[in-house]
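**Student:** Residues per chain, in single letters:
Protein chains: 2
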Amino acid sequence: MARMVQKYGGTSVGSPERILNVARRIKSCHDDGNEMVVVVSAMSGITDQLLGLAAQVTENPSEREIDMLLATGEQQSVALTAMALHGLGCPAISFTGAQAGIETDGVHSKARIRNITPDRIEKSLKDRQVVIVAGFQGRTNEDNITTLGRGGSDLTAVALAAALKADLCQIYTDVEGVYTADPRIVPDARKVDSISFDEMLELASMGAKVMQSRSIEFAKKFGVVLEVRSSLKDVPGTIIKEETEDMEDVVIRGVSVDKNEAKVTLLRLPDEPGRAAALFNLLSEQAINVDMIIQNVSENGLANLSFTVPQVELGKIRNRLAKRIREEVGAEEMLFDQEIAKVSVVGIGMRSHSGVAASTFKALADAGINIEMISTSEIKISLVLRLKDADEAVRILHANFNLGGQ
Amino acid sequence: MARMVQKYGGTSVGSPERILNVARRIKSCHDDGNEMVVVVSAMSGITDQLLGLAAQVTENPSEREIDMLLATGEQQSVALTAMALHGLGCPAISFTGAQAGIETDGVHSKARIRNITPDRIEKSLKDRQVVIVAGFQGRTNEDNITTLGRGGSDLTAVALAAALKADLCQIYTDVEGVYTADPRIVPDARKVDSISFDEMLELASMGAKVMQSRSIEFAKKFGVVLEVRSSLKDVPGTIIKEETEDMEDVVIRGVSVDKNEAKVTLLRLPDEPGRAAALFNLLSEQAINVDMIIQNVSENGLANLSFTVPQVELGKIRNRLAKRIREEVGAEEMLFDQEIAKVSVVGIGMRSHSGVAASTFKALADAGINIEMISTSEIKISLVLRLKDADEAVRILHANFNLGGQ
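Residue numbers (the numbering used here), protein chains in the order written: chain A, 11 to 416; chain B, 11 to 416.
Honestly, the hints are just simulated from the structure, not real lab data.
Among the hints, erroneous ones may be present.
Copies of the same chain are indistinguishable here, so a pair counts whether it falls within one copy or spans any two.
[Claimed, not checked] Straight-line alpha carbon distances no greater than 20 Å define the calculated EDC-like cross-link-like pairs of lysine to aspartate or glutamate that follow: (1) Lys133 x Asp153; (2) Lys136 x Asp153; (3) Lys372 x Asp177; (4) Lys251 x Asp42; (5) Lys269 x Asp42; (6) Lys37 x Glu69; (7) Lys243 x Asp192; (8) Lys136 x Glu152.
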């Protein structure tokens, strides 16, 4: 008997039949004697449909009204899920974010949860009801409806689990858990039984398909044990939790790849203090997130500097910044390269096992794959290489660290 | 400069283009310096779509969850209407029923408004914002979402007009106002400029197409001046208000017809005290609304009794009650007749003008139309006649009281 929070995404509740499937699973957990709080997203497709309507009445909708509009999607899902449970003979009650006591700040469309007052949920749990809460939404203390932005339903689930001191927060999704690598690239990739918050955060590019960093950080901060599992198959998923000692026995947890980055190189930059600062100032003014930065040794007082950014930001840099970068930072030439990929090897075991970097470089060198940029953290080594080499590099590293099979 | 409440039905906001039309009209009233509170219904079709989803997850949905589900329809409309106004450069803010301070009892799916706390609306009006309120919904003092049942958005508008002491409550619909008769039956039927609450209530069968009795009664109780007008054409509609002296100058306000009633006749009933009581007790146990009741003079200690009920109730009477009526009430025979219609002549002028009944009967007799039942109130004469004669009777009476033309 445990207190559990479960979260089902839009695909899991995307049709009446799927809602009934979800309801059956919830009922079975409830029948086992667990206290159940369930967070659901809007049925898949609804949000886009509503945004389409909004776009037809105005080009530039106010964010308050967009929140008012979008919040209806989750409200519909919770009502339907509660009805489905009733139909199965399981007591249930649905709540909007506001009714569930989720208070946020007033930043519409990407509000932050400030406080949760779960009195009403506690009372319903005491009455042995399954509590269904609308994900992705809350209300301000002026009683306006807010939404939490991308990945908001995960955040609702994690925050409720923290506020309710739940034993476990299960995130149901369309994958079975976190894998040692993308199974589409590495056929013998293995589902990871458990992983630490920090590793999960470092695997963000891989993990993003499963959960957003924001929710993982929140879970880490409040010590909420997460399980990512499949809403289609009833098999154990991946537990994400505080690092435990035995986790260090595994040197490498997984290998991820990110093909959505681009590399920008400034050639022949005067090697003087303040040049890099001027550059990254310009980028941050445009709210461009820079990932890796490499500057090579100086030659004749001139340096070459490379950095990676999300591909979608390239246009901004070309159109709005290229001229200013040449003039204000002083680079003689700029190169843009989209044909790259970032491959990362992640594991907290790195801290206590030496030679991981050397082994990584050697494995790739043996295969004739060139490394263009390197960046390391305590528990991660990231490499930028040619896009065409990326999948092969993932397979080589996955094999090199014996991550495959059972 | 006035304080106005406007209500737009589901058809008026049935598409993005229509929402934009409504927004233009609202903006123009706002630009004239009026304080504007606007109640909107769900976009036409949405409610049925949501009920369809509910039917697919359970056969017997809980009314609390149905309210939770359906309330999203109006929430979407208010958000889209506010956005459309923003797009036109008109300040506006949308509220759910709960945010607007509409408190109801806990009878889900047909809640009654208990109290309105319009502080937030008043504040927004003071800021010169147009306030858009979701119709049809409210919340209980336990913070559950309720809906008000059929005609609920009209009721929201009337109740807000009362709470805000509005100068006028305009009900926008797809007709231009209240007519002296149905224009499809009487080609020269005329739009009525103003009508008293009581006349409007007596014309319910005609008026129901425009507004439900419940909202008219509410308006009467709180002295809210109503105007029913077209959302398509910008022309004055019909004002519904407290009776004024000059209203009595017009003897007859209009002629209505109701083709949805049926007549039930009990033959050879013992003419003893308590028989009628027993009959209507049985009917009220089944929540059957009886309209007209006629009992003829007794002959040989046996009476014949006829009453009219909505046609949809006939099945209940045949299947559940016929046997008990024969046994417990003692009628020898029961006749069911759906081929009837009720024609009513309504006007507060009747009170001060004699001869209306005589003139009514004579006009029909001259045309060879037989009257089967008669029932009168202070301001109405209702007649039951053959269904096939109904339209002709309406035309004759309309002409007889000179209601046509301008």
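**Student:** Compare the structure with each hint and give your call.
**Tutor:** Taking the hints in turn, this is what the structure says about them:
Proximity of Lys133 and Asp153 under a CA criterion of 20 Å is satisfied inter-copy only: 14 Å between copies versus 22 Å inside one chain copy. In this assembly of identical chains, the alpha carbons of Lys136 and Asp153 lie at most 20 Å apart only when taken from different copies (18 Å versus 27 Å within one copy). Taking the shortest Cα distances, Lys372 and Asp177 never come within 20 Å of each other, neither inside one copy (43 Å) nor across copies (84 Å). In this assembly of identical chains, Lys251 and Asp42 lie within 20 Å of each other by CA distance neither inside one copy nor across copies; the values are 24 Å within and 62 Å between.
For the identical chains of this complex, Lys269 and Asp42 are neighbours neither inside a copy (43 Å) nor across copies (57 Å), given an alpha-carbon limit of 20 Å. In this assembly of identical chains, Lys37 and Glu69 lie within 20 Å of each other by CA distance solely across copies; the values are 18 Å between and 44 Å within a copy. For the homomeric pair Lys243 and Asp192, the shortest alpha-carbon distance inside one copy (19 Å) is at most 20 Å, but the shortest distance between copies (61 Å) is not. When the C-alpha separation of Lys136 and Glu152 is checked against a cutoff of 20 Å, the pair qualifies only between copies, where the shortest distance is 17 Å, while the shortest distance within a copy is 29 Å.
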